[in-house]
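Engineer: In case you want the letters, here they are:
2 protein chains.
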Amino acid sequence: MTAPTRRSTQTRLAESMLAARDADAAHAWFARTAEQSRMHVDRVPLDALAGWVTEPGTGNLRHRTGRFFSVESLSVDLPGAPVPHWSQPIINQPEIGILGILVREVDGVLHCLMQAKHEPGNPNGLQLSPTVQATRSNYTRVHGGKPIPYLEHFRDTSAHRVLVDIRQSEQGAWFYRKRNRNMVVEVDGEVEAREGFRWFTLGEIAGLMAVPDLVNMDARTVLACLPGGGGALAGAAVDAFTGALVRSADPAAPGVHTIGDVLSWITEVRTRTDLRVALGPLAGLPGWTREDGVIAHRSGRFFTVVGVDVRADGREVGAWSQPMVEPVGTGVIAFLVKEIGGVLHVLTHARTEAGYADVTELAPTVQCVPETHEHLSARPRFLDEVLTSSRVRFDAVLSEEGGRFLGARNRYVVVETDAEVAPDDPEYRWLTLHQYEELLRHSFYVNIQARTLLLCLRSLVPRG
Amino acid sequence: MTAPTRRSTQTRLAESMLAARDADAAHAWFARTAEQSRMHVDRVPLDALAGWVTEPGTGNLRHRTGRFFSVESLSVDLPGAPVPHWSQPIINQPEIGILGILVREVDGVLHCLMQAKHEPGNPNGLQLSPTVQATRSNYTRVHGGKPIPYLEHFRDTSAHRVLVDIRQSEQGAWFYRKRNRNMVVEVDGEVEAREGFRWFTLGEIAGLMAVPDLVNMDARTVLACLPGGGGALAGAAVDAFTGALVRSADPAAPGVHTIGDVLSWITEVRTRTDLRVALGPLAGLPGWTREDGVIAHRSGRFFTVVGVDVRADGREVGAWSQPMVEPVGTGVIAFLVKEIGGVLHVLTHARTEAGYADVTELAPTVQCVPETHEHLSARPRFLDEVLTSSRVRFDAVLSEEGGRFLGARNRYVVVETDAEVAPDDPEYRWLTLHQYEELLRHSFYVNIQARTLLLCLRSLVPRG
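Respectively, the protein sequence lines represent chains H and Y. My numbering puts the first residue of the first sequence at 1, with every later residue one more than the last. My numbering puts the first residue of the second sequence at 1, with every later residue one more than the last.
Same shape as in the complex, but just chain H:
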């Protein structure tokens, strides 16, 4: 309930986006923090995970307290899909966590308080993370650990300005209806950056997006939910591509479809897609084996459920054990983009994943692990164009959530295209960045992979 400042939020976000600073300083801070913190991760058999039990009868993996999360199975019916029925292990974590970034104006420019944080699944240890990344078990202190720094700003926002506050989904292929609360909260007063924390402009973070495995998934999803700067970015364009890019963020720029058309298309897809799922026991899952302390698919494809022991410095809890999902292969996640009428449009795919809370979300043009398709006759649509394009605008390998996924990496790519798609294609639509921004005010429209790519795309706005 703070009085609005003179400049609009969009203008202030645009100014922070265009404020590049000295990247060397950020890297030096990051290297210094890395020296001062350590995390050791050892693989252990699922049967030997301290605190975790295999439930008699169901074979489900759960914590002895019943908190945190469990690994169960999901039986999926999706009539008309290439694979119309399957069963799979899935992480069930009904708790809604907080992913929060604190922002404040420093010398008149918005800065984000970011944290250099280890997660056991990170391939490289430390990654740039939100101010707060807390499950409800964390923040209600089921761990019995130390208090979480800065959490109070997100639990009681009454004295602050709330820029983002929306539940969003995560990977529907690995999580059953997982939702986290994505928050950006602006404080007016002085807030000190503690050890392991640092204030960044949006432009600085944008400059780090292309560094492999640096900006973590939780930071990406929260930042993607921020408005994109709107018309205030206009002056930043330096060529035709960046001109179309900044126009795409402007609500005044015309899209191929109206937002009403896009919403009607989403309704149509969610209505015609007859997804039926049921949680069930992990024991006896067809096609999956539990041997040698891990749960794996007989084909060797998809993912494996493994156990790890973790020892960490500087965490709320110093040591713990947990199951993790370890994907097979590196995914390719790509936006095809095209300038239409002077406005950059993103080719959006309506994707159904078994674990989504609401059937279908807007996904990247391409989202797949190429290896898992090698035994199938049909190639994912547009994959070959992504892999062979000479018009690549963004290309970096980034990690997924290191708290649940072990070494999960995807190659995020933005490619310019001349592809044509029929205006009434059942599965694809061209959207502007501003239309994404409108949808991101609400839950479960834009999937987690598309949120990362939107941030990658925004990072291409030229800075200073």
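It should be emphasised that the hints constitute simulated quantities derived from the structure, not laboratory data. There's no promise every hint is true.
Covered, in the sense of this in silico footprint (three residues per stretch, anywhere, with C-beta under 8 Å from a C-beta of chain Y), are these stretches of chain H [what the hints assert, rightly or not]:
1) 163 to 173
2) 255 to 268
A few chain H residues that don't get close to chain Y, going by computed Cβ distances all over 12 Å [to be verified]:
3) A28
4) Q36
5) A50
6) N182
7) E192
8) D213
9) A278
10) L279
11) W288
12) E291
13) E326
14) G342
So, partial list: chain H residues that the calculated Cβ filter (under 8 Å) puts toward chain Y [as the list claims (entries may be wrong)]:
15) P94
16) I96
17) S158
18) R181
19) T271
20) R276
21) D424
22) R441
23) H442
Predicted, not measured: the structure shown is a model, and the values here were computed from it. Note that CB positions come from ideal geometry on N, CA and C, so glycine has one too.
Chain H is already provided as a structure; the job is to place chain Y on it using the hints.
Structural biologist: Positioned in the frame of chain H, the structure of chain Y alone reads:
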């Protein structure tokens, strides 16, 4: 993909809303249609329902084809609520049906094609219904019945203008995650009103809202999803109340809260509310009995599951049998409204119902069946003010969906108030009509009872 007409949709909707016509003609048409159609409903024991089976083991009621719907049980945990755990029978109908109203300009004014339709649960037989009211079983012809008139306009909208196309929830106390697709589709060409159908302006329908049990629930939810006329209603005000009412529909009028604040509050409520539900067997449900051919609560409260045989003229199928939910008592559903800064605000309650797809929806200020609270010490908040107020602006008894509910009636009331509510009250907020309109573009924000009341409130705009 039709070219937009010169006048905006809001202007055209406002014009239709202000176009009252001869109410006698509508009543005469209705009476004539009633004479020409009949529906006979006989109660029969659940065990004697043709085509329905009590599933061995679970005791669930389902159709022998596995289609339509089933009656199962829901086990509900809602920590912190006055009743933190209960089990109840619930209707499970995963199919998404279409509730569609066809509109077209007649003499330059938008008209809605409405139908006079029987449903077995209607207390008075015929009610004013949408153009199309079809479950997926209907429109894929599981019934083996006659084709549904006008359905083709909703199944392929490519040649039309889509004004509304959004899935909305229905009663979360009786349905498990029921959603219907609410559609309003505008056609340009000539469309004939068949026997039992008639073209109405929005103003004509508004004039019928206060007639008991006339405008059916399906018509109400679809019409409530239409934009409300925006600033184009401004000229219609005749006094302070109606001035505040039409300003409330105007996006330029300031609300007590921004839409961002409202969305953040919804996120907060949905995050902190730890609703856990599980479908289960109907047999052996604690507190419920299956005796004398019905399922009832031992206390006699809540509702009863009963069976009916139906014979109908002029339907796709001439005779059928089905279970229905018969509520105990008539509910009171009310908006408290107040002029704040010249703009009418509605006091909105964030209500959690076990069957909601997403935990919590925005509900009327009061929504209860007073009798079921008589044995409890706590009266529902604001109920006594509604029952004793001398500032009643709307008061009519309307029916709920007669296809599933037998004689389900609620008293819908709009009352002016001076009540004060803290700006950070955990459960209540003041919203403008335009804010509701923004939320109604998306699924699952505004519950079915609030949608009806919004339409009642809009019907108070003075006409001609």
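Engineer: Against each hint, give a clear statement of whether it holds in the structure.
Structural biologist: So, going through the hints one by one against the coordinates:
no.: 1; hint: 163 to 173; result: holds (count 3)
no.: 2; hint: 255 to 268; result: holds (count 6)
no.: 3; hint: A28; result: 37 Å, holds
no.: 4; hint: Q36; result: 34 Å, holds
no.: 5; hint: A50; result: 27 Å, holds
no.: 6; hint: N182; result: 9 Å, violated
no.: 7; hint: E192; result: 26 Å, holds
no.: 8; hint: D213; result: 30 Å, holds
no.: 9; hint: A278; result: 9 Å, violated
no.: 10; hint: L279; result: 9 Å, violated
no.: 11; hint: W288; result: 24 Å, holds
no.: 12; hint: E291; result: 31 Å, holds
no.: 13; hint: E326; result: 29 Å, holds
no.: 14; hint: G342; result: 21 Å, holds
no.: 15; hint: P94; result: 7 Å, holds
no.: 16; hint: I96; result: 5 Å, holds
no.: 17; hint: S158; result: 6 Å, holds
no.: 18; hint: R181; result: 5 Å, holds
no.: 19; hint: T271; result: 5 Å, holds
no.: 20; hint: R276; result: 7 Å, holds
no.: 21; hint: D424; result: 6 Å, holds
no.: 22; hint: R441; result: 6 Å, holds
no.: 23; hint: H442; result: 5 Å, holds
Checked against the numbered hints given earlier, the structure breaks hints 6, 9, 10 and satisfies all the rest.
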